[in-house]
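Chemist: Sequence:
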Amino acid sequence: MTIQDKLISDMKQAMKSRDAVTLSVVRYLRSAIKNAEIDAGELSEQAVIAIIKKQIKQADEAITELERAGRSELVAEETAKKAVLEAYVPAQMDEAAVRALILEVKTETGETNPGKLTGLVLQRSGGLVDGGVVSALIRSEFSQ
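In terms of this note's numbering, the sequence shown opens at residue 31 and continues consecutively.
Take these hints with a grain of salt, some might be off.
[Stated by the list, open to error] In silico DSSO-like links for lysine-lysine, alpha-carbon gap of 30 Å or less: (1) K46 with K36; (2) K112 with K83; (3) K87 with K46; (4) K36 with K64.
In case anyone wonders, no lab produced these hints; they're calculated from the structure.
Given only the sequences and the hints, what does the whole structure look like? Please build it.
Modeler: Below, the structure is given as structure tokens:
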């Protein structure tokens, strides 16, 4: 089942159970995906995951701003929305798996440029790891 199929199924379930938060998040997410499809044509699962991650990042920024403004009721609402979004993103790789992937890519390609190595690792990971984590691990690897 693709993420988009799961979104449709979850939207129907949220309608039946009258779960307003999930319903609004799923509708908004489907809208964002449709807009991206209008611009770029059919989207791959990786592109859909990227859209979801972008929405999660926006939710994080909103939570930070709302906390700074002292709007605790809106922080709770935004946190609930973020939790719904995170349910659609595959689990991230742990640090040991990322280190192993870095070593594997470095050995296969012989790449010594940290920037290019980061890009290669991110391509190979298929969106299952954060770019900042990869970059930090590669920098620590090269500094030793």
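Chemist: Tell me the hint numbers this structure goes against, listed in increasing order.
Modeler: none
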